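2 protein chains.
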Amino acid sequence: MRISEQIFPRMVGLIVTLSKEGKANVMTASFLMPVSFEPKYIAFSVSPKRYTFKNLKERKELTLNLLGKEMKEEAIICGTYSGRELDKFKKANLITEKSKLVSPPVIKCPISFECKIAEIKEYGDHFLIVGKVLKEWIREEKFTPLLHLNGSVFMEPIKLGNKV
Amino acid sequence: MRISEQIFPRMVGLIVTLSKEGKANVMTASFLMPVSFEPKYIAFSVSPKRYTFKNLKERKELTLNLLGKEMKEEAIICGTYSGRELDKFKKANLITEKSKLVSPPVIKCPISFECKIAEIKEYGDHFLIVGKVLKEWIREEKFTPLLHLNGSVFMEPIKLGNKV
Numbered sequence: 042m043r044i045s046e047q048i049f050p051r052m053v054g055l056i057v058t059l060s061k062e063g064k065a066n067v068m069t070a071s072f073l074m075p076v077s078f079e080p081k082y083i084a085f086s087v088s089p090k091r092y093t094f095k096n097l098k099e100r101k102e103l104t105l106n107l108l109g110k111e112m113k114e115e116a117i118i119c120g121t122y123s124g125r126e127l128d129k130f131k132k133a134n135l136i137t138e139k140s141k142l143v144s145p146p147v148i149k150c151p152i153s154f155e156c157k158i159a160e161i162k163e164y165g166d167h168f169l170i171v172g173k174v175l176k177e178w179i180r181e182e183k184f185t186p187l188l189h190l191n192g193s194v195f196m197e198p199i200k201l202g203n204k205v
Numbered sequence: 042m043r044i045s046e047q048i049f050p051r052m053v054g055l056i057v058t059l060s061k062e063g064k065a066n067v068m069t070a071s072f073l074m075p076v077s078f079e080p081k082y083i084a085f086s087v088s089p090k091r092y093t094f095k096n097l098k099e100r101k102e103l104t105l106n107l108l109g110k111e112m113k114e115e116a117i118i119c120g121t122y123s124g125r126e127l128d129k130f131k132k133a134n135l136i137t138e139k140s141k142l143v144s145p146p147v148i149k150c151p152i153s154f155e156c157k158i159a160e161i162k163e164y165g166d167h168f169l170i171v172g173k174v175l176k177e178w179i180r181e182e183k184f185t186p187l188l189h190l191n192g193s194v195f196m197e198p199i200k201l202g203n204k205v
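Note that the protein sequences, when read in sequence, are chains G and F. 42 is the number of the first residue of the first sequence in our numbering; add one for each residue after it. 42 is the number of the first residue of the second sequence in our numbering; add one for each residue after it.
Hints listed in this document are in silico derivations from the structure and should not be mistaken for laboratory results. The structure displayed is predicted, hence computed values, not measured ones. It is possible that some hints are incorrect.
Copies of one chain are not kept apart here, so a pair can be met inside one copy or by any two copies together.
Using 20 angstroms as the maximum straight-line C-alpha spacing, the simulated SDA-like pairs for lysine to any residue come out as follows [said to hold, decoys possible]:
(1) K113 <-> F184
(2) K64 <-> P89
(3) K200 <-> L190
(4) K176 <-> Y122
(5) K149 <-> M42
(6) K200 <-> F184
(7) K90 <-> P80
(8) K113 <-> G202
(9) K183 <-> I199
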């Protein structure tokens, strides 16, 4: 069994980074969790094969954009293609806004975090990234999050016991 | 907004550790994620106030036990009380089995991982723990995971679009 089918489902975020030259890239991530309440820290895991990885190392900044269940298509596009070949922002019709404290933009979605990278460390086939949240954007306080199982299988949560 | 209400819901695990003297403790965790596929690594976050934290530092071993939605009461008990005051294994009627490669026992539930700790590092009000999975126990391949929002609010996932 793959670990993604054992620890599931996972909330879906879009990670936005900027290259040294200033080109933005966006990547879907679901190996993702909160770390600390105050100050807020988040962690996620990224393959070094991803185009995003180079940007993370170069700039040590990112935005984490947490998706509602309406944004499944955006998650699939940003998880399937590589920013090397394609402008995923355009393909997925993402609306961006200028961040206040970091260089990569935020994406219009329920919640965005502007983060400074506190740690990048290799474990197995992935690198663990820890980010300190410098600023948060709350566009929707109540939303149904988009959750990922694997491949193109996405889920949504319901209160326990509410299944019909 | 608390970060637990922003990155949600999260899969629930029971972390089992052993003190230097050999006493087992169990704690509920939901700041939890997969890190690497091969070899498997997991990460979770723990408050240094927790009794478990001392054990993690002393033995550098743990088991992570992933719960199905039937185990909500067990999650609440192991998340509410401290092992300093109470035998939570007894209170929650947990069934344990001897691990093969680490000293803390595993708990009967859909999936258990025996882990060696690769990293313990402080970020904000929590410590991030990274564990390398040495052995896995798969008791159920198909199960509905227990998910946590906050307090005693738990959730379960359904396939996207299946809500009635």
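Cross-check of the supplied hints:
{"no.": "1", "hint": "K113 <-> F184", "in the structure": "within (14 angstroms within a copy, 23 angstroms between copies)"}
{"no.": "2", "hint": "K64 <-> P89", "in the structure": "within (18 angstroms within a copy, 40 angstroms between copies)"}
{"no.": "3", "hint": "K200 <-> L190", "in the structure": "both (18 angstroms within a copy, 9 angstroms between copies)"}
{"no.": "4", "hint": "K176 <-> Y122", "in the structure": "neither (28 angstroms within a copy, 34 angstroms between copies)"}
{"no.": "5", "hint": "K149 <-> M42", "in the structure": "between (35 angstroms within a copy, 18 angstroms between copies)"}
{"no.": "6", "hint": "K200 <-> F184", "in the structure": "both (13 angstroms within a copy, 17 angstroms between copies)"}
{"no.": "7", "hint": "K90 <-> P80", "in the structure": "between (31 angstroms within a copy, 17 angstroms between copies)"}
{"no.": "8", "hint": "K113 <-> G202", "in the structure": "between (25 angstroms within a copy, 11 angstroms between copies)"}
{"no.": "9", "hint": "K183 <-> I199", "in the structure": "both (13 angstroms within a copy, 19 angstroms between copies)"}
Of the numbered hints listed earlier, the single one contradicted by the structure is hint 4.
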